[in-house]
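On the provided structure of chain H, position chain W as indicated by the hints.
Those protein sequence lines, which keep their order, are chains H and W. With my numbering applied, the first sequence corresponds to residues 1 to 362, in that order. With my numbering applied, the second sequence corresponds to residues 1 to 246, in that order.
I should point out that these hints are in silico values taken from the structure, not numbers from a laboratory. Using N, Cα and C, we set each Cβ at its ideal position, and we do this for glycine too. Check before you lean on any hint, since a few could be wrong.
[What the hints assert, rightly or not] Stretch by stretch, here's where chain H covers chain W in the computed footprint (C-beta under 8 Å, at least three residues):
#1 90-101
#2 104-110
#3 222-236
[What the hints assert, rightly or not] Think about it this way: if two alpha-carbon atoms lie no more than 20 Å apart in a straight line, the pair counts; the simulated SDA-like pairs of lysine to any residue are:
#4 W:K58 <-> H:H326
#5 H:K339 <-> H:E297
#6 H:K296 <-> W:D213
[To be verified] Across the chosen pairs, the derived CB separations fall in these ranges:
#7 W:K203 <-> H:V200: 43 to 51 Å
#8 H:G89 <-> W:A229: 51 to 59 Å
#9 H:A329 <-> W:R139: 44 to 52 Å
#10 H:L304 <-> W:T103: 15 to 23 Å
#11 W:T103 <-> H:W168: 19 to 27 Å
#12 H:K56 <-> W:E224: 29 to 37 Å
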Amino acid sequence: MFPYCIVAIGALFYGISAAPTDDAAPEGPPNETRYALALTDEAALAAGLRTPGADKGNALLLQPSFTYRAGDRWIVSTSLAGLAHTESGTGEQVRVREAYFGLSEGDFDFTIGKRLLRWGTGYAFTATGVLDPPRAATDPSDRLSLNEGREMAKVDWVHDGQDVTVAWASAGVLGQSRTGMYDTTAVRYNVLVKGFDTSVIAAHDGGDANIGGGNFTRVFGDALELHGEFAWRQGAAVLAGGKYTIPSGVTFIGEFYTPPNTAYFRPAQMPASAGRQHYAYAGVSKARLRELPGWKEWNVSVALVENLDDRSHIAVIDGGRLIGDHFYAYTHIQAPAGKRGRSEYGAISYSALVSLGVRFQL
Amino acid sequence: MFKTLSLLMVCAAAALAGTARNLVPPNVEALLQRSDMARNGWPSYSVRVKILNFEDGKQDEEHLYQVSQKGAEKTHVEFLSPREKGQYLLMLGDDMWIYLPDTSRPVRITPLERLTGNASNGDVARTHYAIDYNAVYLRTEKVGATPCYVLELSAKRKGSTYHRIEYWLSVATGLPVKAEFYLTSGKHIKSATFDAYQQVDGKTLLRRMTIYDCIRKTSHSVMEYSGFAPRKFPDKLFQQGRLDRF
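Isolated chain H (complex conformation) (with noise of 0.2 Å):
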């Protein structure tokens, strides 16, 4: 924590050396401070335990951000994750999702800290996600806000629709490297043409291989968005995917995903002669159900993720209810099916996992 007080502190200061004066407040936005604080508690209860272990367990989470914003000068950015869990003992653990300092200067943005960067534009998957946390397909959106951001430092330059970025992301500095992490340094391009956001990656880690790749979406008429993705590190990996929404606010989004079978892209428990794999996801969802009379506060999602080689899938349901402006109750559950010990979802070790849980936010 020590060395992200002291980048916090750090900026402070130089916003007091560097505030603009009041003859400049209609220049960009106007200073301003934002905070929240969330603070959820769940519970979770694992049926058909295939392995010996705890089928009951509960999370209690606090999780505060704070951000203060000098006009559109300087930006200073905190967002931490306290967790507590139970399960058959109790673990605290304290987790940095961001903490950085970012400086504007005519085209130029510059940023040093912690930062949660996603470059993929898939949902479920990403084959051009150098720099984002990993993805779950079965929990896309990081339902729990958990995923943690790189330590690095950043350069943006912005300009006439374009974007061009270079950043230096650390396997952990400070904080814990992940197995299989390397430093990495990427580049990316990002313009919007003809209505196609599109990006060209590259990128070089400490790993054996440079990644290359691009993405993009794009928008058809009022309902249909559609986007995809192509990375190259010693073989191709393809992404295809769109999302429809209907007039009445239910949508569906498809994914279709490829990567080749080698240590960057091959999930943790899939083996090496298991060979390039495919994978398709399917979701509905609908926020607010308010056709139907006293449904006005709920959401509902159903999502399925499979794996096309070994037939193995999985099915995510959410639910929740807002309860006034600061509570939501919700449920989530997971049902893997598939060949045990020989499928990628048939080896998870329940066959239901159902986890109940409130949120407060301020």
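Structure of chain W alone, referenced to chain H:
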């Protein structure tokens, strides 16, 4: 008797013709542009928008937004209410992104995804009707005691929030009085009344409007505008890749 009656009819016809001549707007496009000024007082500005949702007459939700607008094509919306903190919406012409803190990236959204709620993202962020719609004069009629021009607006670009709008503008002031919003299917989805205006730096700007859900008739939203202020925003602030760095 017949002569008297004829004279009365001629006088009445002349009076009606005179009235109609006075009420026909000289330039529909100019009128629409003038009405847009009620929500866009400066070429570049910021404003706070509070939305109060009501169900069966009882308030059940409150949302707060900070809207930053540059010209008619660039809009940045920061969501400020507790449950939505950390969310941002960006509109660049017909293209839209939403940044959700959970996903930590700008997610492309379709025009239909803007239509959720009584007051949609489009109602908050898309207020230059002269840019988004073609206008045709329909008729002149009174709303309450206020004589109004009735215009029919039809969408002329993909980014328009609605397919068609019937729009009542005060004959005396050119300010919006009432609107009815229609989808491509022809369904009448919402109605709005423009309830109160405020004076800011000598400009007459909208202070409060009410949006009625025409499908769920027990539901309506009140939009309150405050803190209108001119601001100069560099173009780089409206870049999809730095949505959370506005």
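Violations among the numbered hints, reported as their numbers in ascending order
Numbers 5 and 12, in rising order.
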